[in-house]
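Protein chains in written order, with our numbering: chain S, 1 to 285; chain P, 1 to 634; chain X, 1 to 224.
Simulated from the structure, these hints should not be mistaken for lab results. Among the hints, a few may not be true.
Claimed, not checked - For lysine to aspartate or glutamate, the following DMTMM-like pairs were computed, each having C-alpha atoms within a straight-line distance of at most 20 Å:
id : chain 1 : residue 1 : chain 2 : residue 2
1  : S       : K43       : S       : E221
2  : X       : K6        : P       : D600
3  : X       : K7        : P       : E576
4  : X       : K162      : X       : D138
5  : P       : K426      : S       : E165
6  : S       : K271      : S       : E165
7  : X       : K188      : S       : D240
8  : P       : K426      : S       : D84
9  : S       : K256      : S       : E165
10 : S       : K222      : S       : D240
11 : S       : K218      : S       : D144
12 : S       : K43       : S       : E182
13 : S       : K271      : X       : E174
As the list claims (entries may be wrong) - Covered stretches of chain X (in silico footprint by chain S; criterion: 3 or more residues with CB under 8 Å from a CB of chain S, positions within the stretch not fixed):
id : stretch
14 : 114-121
15 : 196-208
Unchecked claim - Not the full set, but computed from the structure, chain X residues with beta-carbon under 10 Å of chain S:
id : residue
16 : L108
17 : R109
18 : P111
19 : N132
20 : L134
21 : N135
22 : P136
23 : A144
24 : P146
25 : A147
26 : G149
27 : M211
28 : L214
Built from N, CA and C at the ideal position, the CB exists for glycine as well.
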Amino acid sequence: MTRMGHGGRILALWVVSSAISLPLIAIFLTPHLPPGTGSVEAKGQQVDNEVLTMISVWIALGIFAYFGYVLTAFRLRDADPALDGPPIRGHARAQVLWIVFTTALVLCLAGFGTYELLGGAGGGQGSDPVFKAFSGDAKGTPGDPPLQVQVIAQQWQFTFRYPSEGGFESARFVLPVNRQVELHVTSLDVIHSFWVPALGVKADANPGADNIAYVTPKRIEKLAIHCAELCGLFHGYMFDNTARVVSQSAFTAWAKGMRQFVSSVTHYLPKYHHTYLPDPAFRAG
Amino acid sequence: MSVESTAARPLWRRLLGFNLLTGIVLGVGGFYLGWYGGHWLASGLDIESLDYFDDTGQNDVAMFLAYILGVIGFLVGLGFANYPLARMRGYPASMREKEDRGISRYFALSTDHKVVGMQYFIGIGLFFFIAGLNAMLIRFELLRPQPNVWPAGNYLTLVTEHGTMMMGMMTSGILGPFANYLLPLMIGARRMAFPRIEALTFWLLMSAGVILISAISFGGVPTGWTGYEPLNLQGNLGMDAYIMFFALVGLSMTLLGLNMLATVITMRAPGMTWTRLPMFVWGVISTATLMLLAAPVLISVLTMAMLDRTINSSFFVPAMGGSSYLFENLFWVFGHPEVYILALPGFGIVLELLPVFARKPLWGYRLGVAGMLGVALLSWTVWQHHIFVSGIDSDLRPFYMLSTELISLPTGFIFVCAMGTLWRGKIRYSVPMLFCLAWVFNFLFGGLSGIFLSDVPSDVTTHGSFFSMAHFHYTIMGGLVFTFFAAIYYWLPKMTGFTLNERLGKWHFWLLFISFNSTFGPLFALGFMGMPRRVVTYPSNLQFLNDWVSVSAFVIGISMLVFLFNLVYSQLFVREPAPANPWGSKSLEFQLPSPVPVHDFDRIPVILNDPYGYGEEDSLVARPPTLVPAGGEA
Amino acid sequence: MTSVQKKLLGIVVVVAGAGVAIGFYITGFLMSGPTAYHPPVTQGAQKSVNLTIQTVAAVGPTLSPNASWVSYVVRNNQNQWHRTTIWSLPAHTLVHVTVYQFDGDSGLRNPFMAKVRGTVGNTMQVNGKTMNVLNPDDASHTFAVPALGLIVPLKGVADDAKNQCDTAPCTMAEAHNTITFTFRTPGKGRYRWQCFVPCAAGFLDGFGGPMQTLGYMDGFLNVA
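The following block holds chain S by itself, in its conformation from the complex (with noise of 0.2 Å):
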């Protein structure tokens, strides 16, 4: 260790730490990240939030190590001859090797995020989605049409309506599992935002705007659902935590149970459509 310069001892501490604690990591961290494996979606982020945890834990154990170092090691001495330090304004090699190893990095980094994005990862995607996911994971036969799911986001509830079982409307989130899903998120007043953690879909509910996501459920399982954007007084309360995703029979039953249910009222609702915006000149009272 007394042969190795001080930067030789600074690598072998970065060495060291990351040997010991990235594998560590990543047996018992990493398999813990949200949103965790209920979607493919889902399974597309985990990935992306393992592989970034892993190099943010890398990196931050090189800025230790360096620091740990230097911070003890060139420490003012009370036998200290001169009181100053000497005299280095840069090292070029240094920076140009910071500068090309940091692009890189920082390259490398975009482009996976832009891997995962296109696989379709991406939560809310606006009107005019682009990533949709490979839908050769949805165990449907092929050519399957994903399923349309609108989100409605009001002040301070979430709704939903199934256009393709009769276009009801109903206060309960189910998902077939297996399928992929197309939801429609759209808002009738402020901006809400659609979180489902488990599912990995979050989509912002905007007034007038259609905000595309797509979701392939792979587990039965409850769900939890919470707006994410603030939204007035009951924004705290705008969770949900009677969702589920149920097997494909379960859905048709539940759908034909519920479109029932709410018969009622269905005819009153406005024709479906990708946004419902209230009268412009409308003040109550």
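Place chains P and X on chain S using the hints.
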């Protein structure tokens, strides 16, 4: 207002005149004039589109008029109209306000940049503590999953007041007190380019702060600091206070940036070339450029919001042809450079202080400057990362992901300069140095978490959650506030002439550093566990983490009390005189006595070198040699 | 007084002043809000609670500083009309609610809310007649507890009805609709309830003012 006289003037004579008291009186008068005028306008003129005032019981026109006339009255009462009027009548240019003495000059319009710096220090400090108190109250509510203390609407007002006051006030948190005081000294000048505008920026900011606090008596503000439309339109009268606050802050920022740039460009001493400027000045330059260019965008978008709220225009109302996306985009075009306005002064301070405490020249001067200017430039190209999942055109997202990740490159330059400066140094751990090193630690986590947020698939998890909260608190509080305290411990002895207690300073530092990380570290986990922002209730399995965070936040409060105690104790009671150069710095401001005399420099120096010549032979920074020699009096 | 004593005195005054200001801030502003109302519990074969409320077009100056705002008003144990929207209810109890609806209709923004859900039998009685759905345009307000899946649309008074009520408290002689329904409270918790009709007169989209302030059109059920 008058020159020193030998006879003591009676109190009432001293109170009469253009000062803070007169300003308050005229401000309140203007407020009521505007209020009743606005009511008269609404009812007396019988404009159909303003009919809704009767139904709602809320007259936004009156509110805005009241605030605007109140601010004008306040500024006139302070004396800001005197000089323009005098010049219009033909009186010659003068700076007589600088000749005032005594404590009363801190409560009036002063053209002495040092007085303005101290005014900023106390004023911003006051609002910092008020906003900090709001944060303590927020965390108090979050001790239990169900709302238990503040009713839901009041909680939202707390959240908004905390965020808005911090963002508005701390934007000028370093430039206001420290750049105003020190920039002329660092470049070898005796004043700022526009002294009265300098004073104006301060008093605008103070009136803005009062207006924001008044929002609580007008029904509060429900939108958070971002003031998103259309929720903005649903707000009570307090929302108008928010709009006025940010409009005034925007004005103050624009003028402050203008003043800083004009000073650096035109008033540098002979020999102070661009490559000899201290890094703090480069930080000020990059910040001031952003302030000058970004703040007007804020003022425009808020003007549109004001029009929507008063005369029922429909910029942001989709049902009438407007768009909520317009607000989001315009706001963040300002908002992203804004957060770099908060971060850049910290960069400048860290690179300024590290050479002094490592006793080595700054490593990579040009790289550091490139880093700061690069951050300033790139900050304009990234704003859509705040609205990745809002439904923006999905083609745009890879571009903004790339541009946001690229901005970490110039930020990395700052880190490498810090690293190189410490290499083989003789590092002393004085309190300012500790805060700068803490900056490195905090900004590292802030920056790395920014990588998560810039990556779109990862952003789907983290946007609008507590992860995002943790990220910006690490960069803004861990970055700006820590360097704010570094600057205080480093420069306050120079500014007031009295030292701060080192031992209390270390207590403050360690309490703050540990409790800060203990508070905001777990927030990353909370965000990952699905807790959205700005919520008053949360799932009960998150209670333990929230309680941990709340208790740590209270310890932050305690550390601030330690700081306050240090400030009062050492500045008011102990009053140990500070040496001219306690840190052995080679920078120009430390070649002057403590406190700095009114006229600053006896003679404007000629600059020979940059202030980082530690360890170099013949590193005299400036002539004439009657100044305290560089490197002496450690 | 020496200068040190003067400074100490100054510090004490400042700290005391700050304490007073903070105290006012917390108690006067932050904690201000409606107080809870505890209706009496009738014991019997089944525990039940009776709740009688009015919904009014303008709450009037005696009940609120915002005289023109719409509001819910509840009849308290002293038989007086009291403006509070925080109601304490026992858990697992039937709650019989009678609403005297005095306000004109504004229409539901989302017609889906016109279907009655979450009550016993998923029905309500409007002026004696049992219904399970209302014409959405006739709705004046709703009583909805989303966490319980409970929503009851409240029928509005016709525009041309005679003898409409101006300000609260309204009397039975004035034009009104009587809506009754029953629901069962769940286990312990705080459940928010709200109106879903954009009924805040004068506010753009009808959702400002009383719709965003606790104590008018929004409240809590404290179930214990």
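- Query: Of the hints stated earlier, which fail here?
  - Reply: 2, 5 and 13
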